[in-house]
Structure formats: structure tokens, C-alpha cells
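Participant: Here's the letter readout for the chains.
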Amino acid sequence: MKCKVCRDHAVVDVRRHNAAFCGPHFIAHMQGQVARTIKDFKMFEAEDRLFVAVSGGKDSLAVWDILLDLGYDAVGFYLDLGIGSYSGRSKDAAVAYADRRGAKLVVRSLSDEHGYTVPELSKLTGRVPCSGCGLNKRYEFNRAALEEGFSVLVTGHNLDDEVATLFGNVLHWNVDMLGRQAPVLEERSFESIDGARPVLVRKVKPLVRVAERETAAYALLRGIDYIVEECPMVEGNTQHRYKEAITLIEESSPGTKQQMYFGFLKRAAHRFADESGGGEIVACERCGSPTVRWGETAEAVCSFCKTKGSALKRKEEGYVPSRRPKRRRP
Amino acid sequence: MKVKLRNPDRVVDVTGPATVAGLLAELSIVPEAVLVIRDSTLLTRDESLRETDELEVRPVLSGGAVG
Chain A
1 MKCKVCRDHA
11 VVDVRRHNAA
21 FCGPHFIAHM
31 QGQVARTIKD
41 FKMFEAEDRL
51 FVAVSGGKDS
61 LAVWDILLDL
71 GYDAVGFYLD
81 LGIGSYSGRS
91 KDAAVAYADR
101 RGAKLVVRSL
111 SDEHGYTVPE
121 LSKLTGRVPC
131 SGCGLNKRYE
141 FNRAALEEGF
151 SVLVTGHNLD
161 DEVATLFGNV
171 LHWNVDMLGR
181 QAPVLEERSF
191 ESIDGARPVL
201 VRKVKPLVRV
211 AERETAAYAL
221 LRGIDYIVEE
231 CPMVEGNTQH
241 RYKEAITLIE
251 ESSPGTKQQM
261 YFGFLKRAAH
271 RFADESGGGE
281 IVACERCGSP
291 TVRWGETAEA
301 VCSFCKTKGS
311 ALKRKEEGYV
321 PSRRPKRRRP
Chain B
1 MKVKLRNPDR
11 VVDVTGPATV
21 AGLLAELSIV
31 PEAVLVIRDS
41 TLLTRDESLR
51 ETDELEVRPV
61 LSGGAVG
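Going down the list, the sequences are from chains A and B. For the first sequence, the numbering used here begins at 1 and goes up steadily by one. For the second sequence, the numbering used here begins at 1 and goes up steadily by one.
Hints were generated in silico from the structure; no laboratory data involved. Keep in mind the model is a prediction, meaning the values are calculated, not measured. Here a beta-carbon is modelled for each residue, glycine too, at the ideal position from N, C-alpha and C. One should not assume that every hint holds.
Using C-beta positions, here's what the derived DEER-type ranges look like [unchecked claim]:
# : chain 1 : residue 1 : chain 2 : residue 2 : range
1 : A       : R100      : B       : R50       : 29 to 37 Å
2 : B       : D13       : A       : R188      : 50 to 58 Å
3 : B       : R50       : A       : P232      : 30 to 38 Å
4 : A       : P198      : B       : I29       : 41 to 49 Å
5 : B       : V14       : A       : G84       : 42 to 50 Å
Some chain B residues well away from chain A (every beta-carbon gap over 10 Å; in silico) [stated by the list, open to error]:
# : residue
6 : V14
7 : A18
8 : E51
Chain A extracted, bound-state conformation:
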């Protein structure tokens, strides 16, 4: 194959664009795709300070790399989830990248901040590891961004992530989730006697236009030493199975993923915008984060605080699970 730009030897093919690229032109293509996404969805402005959630994996390091190259003030944030030596190796990858680029990286650990690791949380609550992990990451990313003074949180969600989430939400008709699936989730503030109090930072996903295979190719071509191994707790993960199914379809019909996701954003997302279920958004009684209260007499405690409270209570009582957490059959 030849590069579509310079006709030199190609190293990456992007079948949904009916194109192939040499290394330098693929890197330029990726940077262009991300710049276009930031502009089209009005994600942030040149003067905004960006807080980039990095895991040590290809997607988060790739988006951080592209934002730095595009000239943005982008600070990394690594959350140590306490998943044995895997977390150690992923942290090493994030720190090594930050050192190489001379970029600032904020590091926190779930154990220090909240008193448990992801494997402990799973055992204490009986939740599937990925479920507790996702809940805690979303909460802590937002909390850390607010505490560190950032108004924009960047994540490395790519086209495959978004299509797999959309696929799952449609399979199960999670209409409230469909209403919240977007490349930009706006910030939110609560009014207080001291004025507006920010409770949610703006969340943006600049990689939604690029496929996971492309972020991996980008990382490799840029010499980014990301963690290739899969999280040891991910076995049987539903999101992964959806990705495999969609990739099979993409292989025979290139462009399907892009059509599904951008077609949803253009033609269907607005239909689910008011599918919040009728609850009232109020401040969590324990932490002040937004949560949905179902009726005036109902308790206003967010999912994170409920889960954390239950886990720490059981930990204090010396709870020992009688069996392994439930896992859906692969």
C-alpha cells in the first residue's frame, strides 16, 4: 500500500477512510482528527487548562501526547487502583511518559483517598470489579480535577469505546444512559450562599473520531511505551465482548462503527435527552456531588457514597465474602 498523501510506503491502513498512510502522515492525520473533534464539538479553548486522566494505556497516553503537541496546557492525572503489580506497571508507564515529555503528572491512590483498592471493593461489595472501578474512577477524576483547580477533564475514550457503550445501551434500552452519551458532558454548579459552587467539571473525549486500532498505531509510531497487557480483572468483561462483535462487523463493512456513533449523535441522541426518569438532581447529603433524588422524602446519597459507605462498614466489621463476586458468563 502507498501513503495517500506522499505515495511513500504505507504502514497503517484506515479502511473506513479508504486510505493508508506512512508514519509521519499518519501522525499528522491523527492530530488533525483530534483537532477537528475539539473544534466541531467546541470541547475547550486554547487558554483552558486540561486535566487528562491517564491509565498508562495507549488511548490516554495518545490523547495526552496529541494535546501537548497541539500546544495545550495539559496536566496528567494517574489514579492508582491497587490492582496488584499491574497497577505498578501501568503507573510506571504514565510516569515514564510524563518524564520523557517534561509534563506534569498528578498521582493519587484509591486506597489513600478512600480506604480500599478495586479488588478489595469488589470483594467487600460483591460488585463486578469493572463496575466498582468505573464508578470510583468517574468520581475521583472529577473530585481531583475540582481540587486541583481544573475545569476540563479529558479522557481517552475512542470510537470503539463509544460504539461499544452505545451498542450495550441499545441492547438493553438504557434510555437514560443514551441521553447522557455524548463527546462533551457539560460542567455543573450548585448555587450556595457564597455563589455558584462547581460540582462537575466539563468532561470531553477528543478521541471519539479515531478507532482503537489507530490510537495503538499512533502510540507505537510515536514511541510511547504504553502498557500492552490487559487488566487482570477484565476477564469476561461485557464491554470487551461488544467490541469484539462490532469489530467483526467492521472487518466486513468498514465504516460501520463511525456510521453508528456519528449517526446516533446526529439523528437520535436528542430523542433521549429528557429520559432522566423524572428524578430531581440535588447535592449528595454526604459529599455534595450531584445525584438524583426519586421523590421529596427519598434519601439523597450518590452511588459512590452508598458503595463506599457499604464497603468501609464491611471492612471495619472484618467481612469475609462467602463466594466470588458474581460475574456474567463469557
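Guided by the hints, dock chain B onto chain A, whose structure is given.
Facilitator: For chain B alone, coordinates are given in the frame of chain A:
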């Protein structure tokens, strides 16, 4: 040719395929789900292979929690 596979890491010997597409078909791997690497260089699916090649087939689909 020697082919390194991931998750878990292992090396398999493969004889016969003349191209990347042929190799992936032989291994029953969907090309859209992997990168194929030779000497730190990415290979497109039409690239020719030699019996002496040492390759890595690196998966690109990650799972897990949606942050």
C-alpha cells in the same frame, strides 16, 4: 516464522503464509483487532512475509471499566 502473541504472552511457529492477511487468517485473528509489527515497524495487511521473520501480533481492543 516466529510470531509473538499477547495476553498471555507466547510465541508460536507458523509456516506458509506469504502475507500479513494470510498469517492472520491462519491464526483466525480479525485484522481490525490487531497490529502486526516486524522490527518495530507496522505492517499493512498486504505486506509480504518471509519464513525467517520474527513478528508480533498485538491486540488493540481493551476492555474494562468505562472511566
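Participant: Does each hint fit the structure? Answer for all of them.
Facilitator: Now the hints, each set against the structure:
At about 34 Å, the CB distance of A:R100 to B:R50 agrees with the hint of 29 to 37 Å. Taking 50 to 58 Å as the suggested C-beta distance range, the pair B:D13 and A:R188 conforms, at roughly 57 Å. As the Cβ distance of B:R50 to A:P232 is approximately 36 Å, the hint placing it in 30 to 38 Å holds. As the Cβ distance of A:P198 to B:I29 is approximately 46 Å, the hint placing it in 41 to 49 Å holds.
Range check, B:V14 to A:G84: Cβ separation about 33 Å, and the 42 to 50 Å hint is violated. No beta-carbon of chain A is positioned within 10 Å of the beta-carbon of B:V14; the least distance is around 20 Å. For B:A18, the requirement that its beta carbon stay farther than 10 Å from each beta carbon of chain A is met, with the minimum near 16 Å. Distance to chain A confirms B:E51 as a non-interface residue, since its nearest Cβ pair spans about 22 Å, more than 10 Å.
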